[in-house]
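Colleague: Assemble the complex: chain A is given as a structure, and chain B must be docked to it using the hints.
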Amino acid sequence: MREPLGAIGLTLVAVVVLSAIFAGVLTSYAPSKISPTERFASPSLLHVLGTDHLGRDLFTRVLYGGRVALMIALGSTLVSLIVGVVLGLIAGYGPRWLDNILLLVFDAVKSFPTVMLALTLVTLFGPSLYAVVVVVMLVNVPGYARIIRTQTLVLKSAEHVMAARSMGASAGRILRVHILPNIIGPILILVSMDIPVVVAIEAGMSFLGLGVRPPTPSWGAILNDGFANIRDSYWIVIAGGLPIVLTTLGFTFFGETLRDLFDPRLKGR
Amino acid sequence: MIRYAIKRLWLGAIIISFALMMMFAMVYLIPGDPASVALGPRATPEMKEALRERMGLDQPVWRQFTNFYGSALHGDLGTEVLSNRPVLNVVMEQLPFTLALIVGGIVWSVALGIPLGCIAAVRRGGFVDQVIGVLSVAMIAVPSFVVAIYSLLVFAVALQWLPAIGAGEPGNIASQLQHLILPSLAVGLGWIGYISRMVRASMLETLEASHIRTARAFGLPEHRIIYTYALRIAVLPTITLLGVGIGHMLSSSVFAEIVFARPGIGKLVYEAISVRNYPIVSGAVLVTTVFFVLVNVAADILVGLLDPRVRSSFN
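So the protein lines, in turn, are chains A and B. Each residue of the first sequence is one higher than the one before, starting from 1128 at the first, in the working numbering. Each residue of the second sequence is one higher than the one before, starting from 95 at the first, in the working numbering.
It should be emphasised that the hints constitute simulated quantities derived from the structure, not laboratory data. Using N, Cα and C, we set each Cβ at its ideal position, and we do this for glycine too. Mixed in with the good hints there might be a few duds.
Unchecked claim - What follows is a set of in silico ranges between Cβ atoms, one per label pair, in the way DEER data are often shown:
| id | chain 1 | residue 1 | chain 2 | residue 2 | range |
| --- | --- | --- | --- | --- | --- |
| 1 | B | E299 | A | G1312 | 26 to 32 Å |
| 2 | A | A1157 | B | E365 | 31 to 37 Å |
| 3 | B | Y163 | A | G1182 | 39 to 45 Å |
| 4 | A | L1369 | B | A99 | 44 to 50 Å |
| 5 | A | P1341 | B | L388 | 34 to 40 Å |
| 6 | B | I267 | A | N1309 | 57 to 63 Å |
| 7 | B | V251 | A | I1311 | 44 to 50 Å |
For reference, chain A alone in the conformation it holds in the complex (with noise of 0.2 Å):
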């Protein structure tokens, strides 16, 4: 194997992906199923990661708890990247002004501290999924947005471009047909090397008790149920905390060997 590295990463990504999928087979338990009489209990091999303060298997749930975290972390990289790429093409296509305007709110919105962003959305609207989503897409979507402007910028006046325009075509014809594919390529990179920052965000919040709202599992409430007991029963934050180390260090080696391997140019970004 001539990257290790990457091989890791993709081995990482494979099993939480897969663990996922097959939560259902891989366990017994149900995930918000309460066992008054289990509380508490250590790692065994009836329960492998040990069981919460409900007695809930922490194995189970911390395999339900990656269905969430990659179902949030893929939707709202979505969503950020069609925003982005949308408000990017209007800022490189579109009039100058409006292009003033746009980077003038991207630089604005890029220049709050996340946390504190985080913090003001929940206090305004309350936690839920859709706040992580939307706390997602603010700090994703002004740096995607940025980039598929300048390529616009740079292919707008190139010369299959010119001989469309020169042909009559419309301005989202040559939006779609000759400027998108070009400048997609690049962007699909960094855009996966931003799920695992989409993961932490997810798992931050949640751990904060402003993203999912119990009883719905997710790294990040583990970490926080743990962490309340965390003198007499360490095993919950390492089963919060674990998936998260492995999640994000998977994705990171993975997407950086991506990287590398397709686009030398990026390297270092």
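Modeller: What follows is chain B alone, placed relative to chain A:
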């Protein structure tokens, strides 16, 4: 250069007024009447009316908006309901704790990041370089709140080497430093990785420079070339990286403060949210945003001073 600085300051001003707008929305558009919330359920309608008048809630929205802006620009962020103290004072009391945490994070990241990056560059392509590379990526990837909780578990709960709770005795520097070690590691760990990668890259570039080649030609000892001549230049980009880093560390410090039960802005906001103490939330968010914007503007201007290319690309 002056044009560039003015542009940066102008952008900073826009961001701060953006933040002010959000704060206004937060305090005034939140469900429920602020006067009833402040006075509690036993207040008579007359008392509420009096407080509404005092808070200016009886005036039209645009008037409230301009009043809010005016007083915020004068440093008046309202009064805390529970203790009847100015919000700005309450927030400013917590700021030094958060700043200490960020400075601690910078110390960790610089003290470990620069040597690691330097060693990696010297051993380019070797085993040590690869290990440092993987370590750096790992440190960047793992979220700071997981680092905070795991370091709490290992060093404070299991090994009991370091204290788990609080900021240390007031006035006792040794105890305060001891309480700072773990939280600031959690805040700075990711930046050890960033800085080591940055130093490695710029060190490799510097080692190719002509004055280093000249130094080699003169037969100067290799360690002297690396640590005296090359490192001095290779460290420069770190300054700009730290400008961005302070903002990120501000975010991580929220988690570190909660995990280690340390006083600070993050913990203040977090606790204010859970008891719906909105003036404190908006005041603290505003103060951190202003701080964040100022740091970024300062870092950008510093980069502009050091690197003329940045200036011209901005115009």
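Colleague: For the hint 44 to 50 Å, verify it against the beta carbon of V251 of chain B and that of I1311 of chain A.
Modeller: holds, 48 Å
Colleague: Starting from the range 26 to 32 Å, see whether the pair E299 of chain B and G1312 of chain A falls in it by beta-carbon distance.
Modeller: holds, 28 Å
Colleague: Starting from the range 34 to 40 Å, see whether the pair P1341 of chain A and L388 of chain B falls in it by beta-carbon distance.
Modeller: holds, 39 Å
Colleague: Can you let me know if the beta-carbon spacing of A1157 of chain A and E365 of chain B is within 31 to 37 Å?
Modeller: holds, 34 Å
Colleague: Kindly confirm whether 44 to 50 Å is satisfied by the beta carbon distance between L1369 of chain A and A99 of chain B.
Modeller: holds, 47 Å
Colleague: Should the hint that Y163 of chain B and G1182 of chain A are 39 to 45 Å apart at their CB atoms be regarded as holding?
Modeller: 53 Å Cβ-Cβ, so the 39 to 45 Å window is violated.
Colleague: Within 57 to 63 Å or not, the Cβ separation of I267 of chain B and N1309 of chain A?
Modeller: holds, 59 Å
Violated hint for the displayed structure: number 3, the only one.
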